[in-house]
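Since chain A is already given, all that's left is putting chain B on it; use the hints.
In case you want the letters, here they are:
2 protein chains.
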Amino acid sequence: MKDRNEAAPRAVTMRDVAKAAGVSVSTVSHVVNDKKGARIGKDARDRVRQAIQDLGYRPNAMAKNLVKGGSRFLGLVADAIASTPFAGQIIHGAQDEAWRHGYVLLVANTEGNNDAEAEAIAMMLEHKVRGILYSTWYHREVAMPAGLAEADSVLVNCFSAHGRVPAVVPDEVDGGREATRMLLAEGHRRIGLVNTTTASPAHDGRLLGYRQALAEAGIAFDPDLVMDAHPDQEGGYESVGRLLAQRVTGVFCHNDRVAMGLYDGLREKGARVPEDIAVVGFDNQEVIAAHLRPPLSTVALPHYDLGRVGVRVLLGLDEPAADGRVTIACPPVRRASVSTPSSI
Amino acid sequence: MKDRNEAAPRAVTMRDVAKAAGVSVSTVSHVVNDKKGARIGKDARDRVRQAIQDLGYRPNAMAKNLVKGGSRFLGLVADAIASTPFAGQIIHGAQDEAWRHGYVLLVANTEGNNDAEAEAIAMMLEHKVRGILYSTWYHREVAMPAGLAEADSVLVNCFSAHGRVPAVVPDEVDGGREATRMLLAEGHRRIGLVNTTTASPAHDGRLLGYRQALAEAGIAFDPDLVMDAHPDQEGGYESVGRLLAQRVTGVFCHNDRVAMGLYDGLREKGARVPEDIAVVGFDNQEVIAAHLRPPLSTVALPHYDLGRVGVRVLLGLDEPAADGRVTIACPPVRRASVSTPSSI
Numbered sequence: 001m002k003d004r005n006e007a008a009p010r011a012v013t014m015r016d017v018a019k020a021a022g023v024s025v026s027t028v029s030h031v032v033n034d035k036k037g038a039r040i041g042k043d044a045r046d047r048v049r050q051a052i053q054d055l056g057y058r059p060n061a062m063a064k065n066l067v068k069g070g071s072r073f074l075g076l077v078a079d080a081i082a083s084t085p086f087a088g089q090i091i092h093g094a095q096d097e098a099w100r101h102g103y104v105l106l107v108a109n110t111e112g113n114n115d116a117e118a119e120a121i122a123m124m125l126e127h128k129v130r131g132i133l134y135s136t137w138y139h140r141e142v143a144m145p146a147g148l149a150e151a152d153s154v155l156v157n158c159f160s161a162h163g164r165v166p167a168v169v170p171d172e173v174d175g176g177r178e179a180t181r182m183l184l185a186e187g188h189r190r191i192g193l194v195n196t197t198t199a200s201p202a203h204d205g206r207l208l209g210y211r212q213a214l215a216e217a218g219i220a221f222d223p224d225l226v227m228d229a230h231p232d233q234e235g236g237y238e239s240v241g242r243l244l245a246q247r248v249t250g251v252f253c254h255n256d257r258v259a260m261g262l263y264d265g266l267r268e269k270g271a272r273v274p275e276d277i278a279v280v281g282f283d284n285q286e287v288i289a290a291h292l293r294p295p296l297s298t299v300a301l302p303h304y305d306l307g308r309v310g311v312r313v314l315l316g317l318d319e320p321a322a323d324g325r326v327t328i329a330c331p332p333v334r335r336a337s338v339s340t341p342s343s344i
Numbered sequence: 001m002k003d004r005n006e007a008a009p010r011a012v013t014m015r016d017v018a019k020a021a022g023v024s025v026s027t028v029s030h031v032v033n034d035k036k037g038a039r040i041g042k043d044a045r046d047r048v049r050q051a052i053q054d055l056g057y058r059p060n061a062m063a064k065n066l067v068k069g070g071s072r073f074l075g076l077v078a079d080a081i082a083s084t085p086f087a088g089q090i091i092h093g094a095q096d097e098a099w100r101h102g103y104v105l106l107v108a109n110t111e112g113n114n115d116a117e118a119e120a121i122a123m124m125l126e127h128k129v130r131g132i133l134y135s136t137w138y139h140r141e142v143a144m145p146a147g148l149a150e151a152d153s154v155l156v157n158c159f160s161a162h163g164r165v166p167a168v169v170p171d172e173v174d175g176g177r178e179a180t181r182m183l184l185a186e187g188h189r190r191i192g193l194v195n196t197t198t199a200s201p202a203h204d205g206r207l208l209g210y211r212q213a214l215a216e217a218g219i220a221f222d223p224d225l226v227m228d229a230h231p232d233q234e235g236g237y238e239s240v241g242r243l244l245a246q247r248v249t250g251v252f253c254h255n256d257r258v259a260m261g262l263y264d265g266l267r268e269k270g271a272r273v274p275e276d277i278a279v280v281g282f283d284n285q286e287v288i289a290a291h292l293r294p295p296l297s298t299v300a301l302p303h304y305d306l307g308r309v310g311v312r313v314l315l316g317l318d319e320p321a322a323d324g325r326v327t328i329a330c331p332p333v334r335r336a337s338v339s340t341p342s343s344i
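These protein sequence lines are chains A and B, in that order.
Taking UniProt numbering, I'd label the letters of the first sequence as residues 1 to 344.
Taking UniProt numbering, I'd label the letters of the second sequence as residues 1 to 344.
To be clear, the hints were calculated from the coordinates, so they are not data collected in a lab.
Computed from a predicted model, the values in this text were never measured in an experiment.
Among these hints, one or two may not hold up.
Since the list gives no way to pick one copy over another, a pair counts as held whenever it fits inside one copy or between any two copies.
[Stated by the list, open to error] Listed next, the in silico DSSO-like pairs over lysine-lysine satisfying Cα-Cα at most 30 angstroms (straight line):
(1) 19 / 42
(2) 128 / 19
(3) 42 / 128
Chain A on its own, in the form it takes in the complex (with noise of 0.2 angstroms):
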């Protein structure tokens, strides 16, 4: 496997100040922390100072950390913590593993900013952090910061095209095939999805696993009965007429939001959930999935486990796969929109 360091920048460490001053680390540590009763000359002091201007070495605001060769400190930078639950549940699961092995979480949002992206990396640094988490609300391909690369990192529900740095994420197929099971559990043959109009890791799994499920179970895909919409509630009631027209009987939705403007569009046409069509969400976000009329089905995306498991490949506990992927079950939560339809 290739050295992390020969292909990206590293911070500068208190060895490489050492060895550029020509003394040893424990007399850099000591003019570093200003070590009272340490015999240091001035000459190999000044030399001490003048390596750490020329290398940029940053002393870090916690000098203990420095003697104990560390701080406990784990970064977390998370893109969207103020516009859904979902990046609050993956922070929820890092600090909790964090926790639990010593470790001290620092959280940065930044909503998409790309300054306060590149603002919360370098205080990660400035901390010594042992190591960043890097997370995205939801699943896609990211450019990686260029800070990034100065400290171990994980991926958390996003990943790097090259693939170099460990990622964390959801199994979309699995997740396709277990709400799309979760219909022809009830005898559903003639099965719509409504899929997004993004290009996605969510658009391309969720579509793999309905049509395994659908395989699985001998049913021939239809590509008819496949549709994309806006993944929002106005998405999903826009295609009440194209599902009605196919005469699906069950619908695997995108994600919860489109499930609910299914709902009110199917409602207006007065067909009944899930007497007249069966309805699947995904998300279970559960503002919405639990309180709809009916109950909504659907399948959990895993962002607390991701956060956690995050934690676990940081720390070394967990090995990624030779892809530098972990992938995270979506498990399905059954709720009153799926039931046997009584046409079968």
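Okay, now just chain B, sitting in the frame of chain A:
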């Protein structure tokens, strides 16, 4: 006074960069902050960038803190960042304001667990935080955790009975007035209130605001138009019969979830929003309010500002009133669920 810089390596400053590049500090500042409209020649800009790279200058708030010394941490304890976007919005506001003043926010998520809370506060004290924000996801009275007494602290979205700790809270009365005024402005005179069953500042404050707005409009308070319901979709759904029996033309709901359930119940009875009944929510929970059919007029809970002002009070930049409180207004958010009813 001893100059710290004699003893310890110091962070690279903007002044160092200016000196190395042969430009003024303000030129460096403009380049670093990518200031629009600043007229800086390409040559000078290139020299500044080169100097930044050579010196390892990190253009962020932490650099100056290393020079100043002392912990630059603020703590923020939140009780429910995994279940609603509300805590995330408080964190966002607090973090933006903290960074503005060179502080890093240590965020701990307790999900209401007492052990996690005690551990979070202990961790913050260990890191010598400058102070702690203690926040709750809904506005309520709290018993002060023991550890909080050891640090400067500010309560955010909550308050203590004794009132000795500053508290930044939403102005529930103002919110209730704004919600009711939205209905009054469209000519409604018979306005229902679906309040919560939970005794809380939100219950009492919003009711008071409703009464004040009616009084302003010269409308007598009618207790038959006020009903309490569980503050979720099911509570709203179950209130429909009583509201229709009272022949209200407008309803102010305790929150957006209640309004969502009310929509479902009204639809089943063949009542249209807003033609037959206008509806106003509370919270502005985006994923619900903006995507109901029709989109819901509501009142925003100012979570971002609660976090932002919490930091300002902690740092002594804003002063609480004599009672220890800072109240933040709840602004109205107008969407399509309120309009002039045909009956008026």
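Checked hints:
1. Taking the shortest alpha-carbon separations for residue 19 and residue 42, both the intra-copy value of 18 angstroms and the inter-copy value of 26 angstroms come in at or below 30 angstroms.
2. Taking the shortest alpha-carbon separations for residue 128 and residue 19, both the intra-copy value of 20 angstroms and the inter-copy value of 28 angstroms come in at or below 30 angstroms.
3. In this assembly of identical chains, residue 42 and residue 128 lie within 30 angstroms of each other by CA distance solely inside one copy; the values are 28 angstroms within and 33 angstroms between copies.
Every hint from the earlier list agrees with this structure, and none is contradicted.
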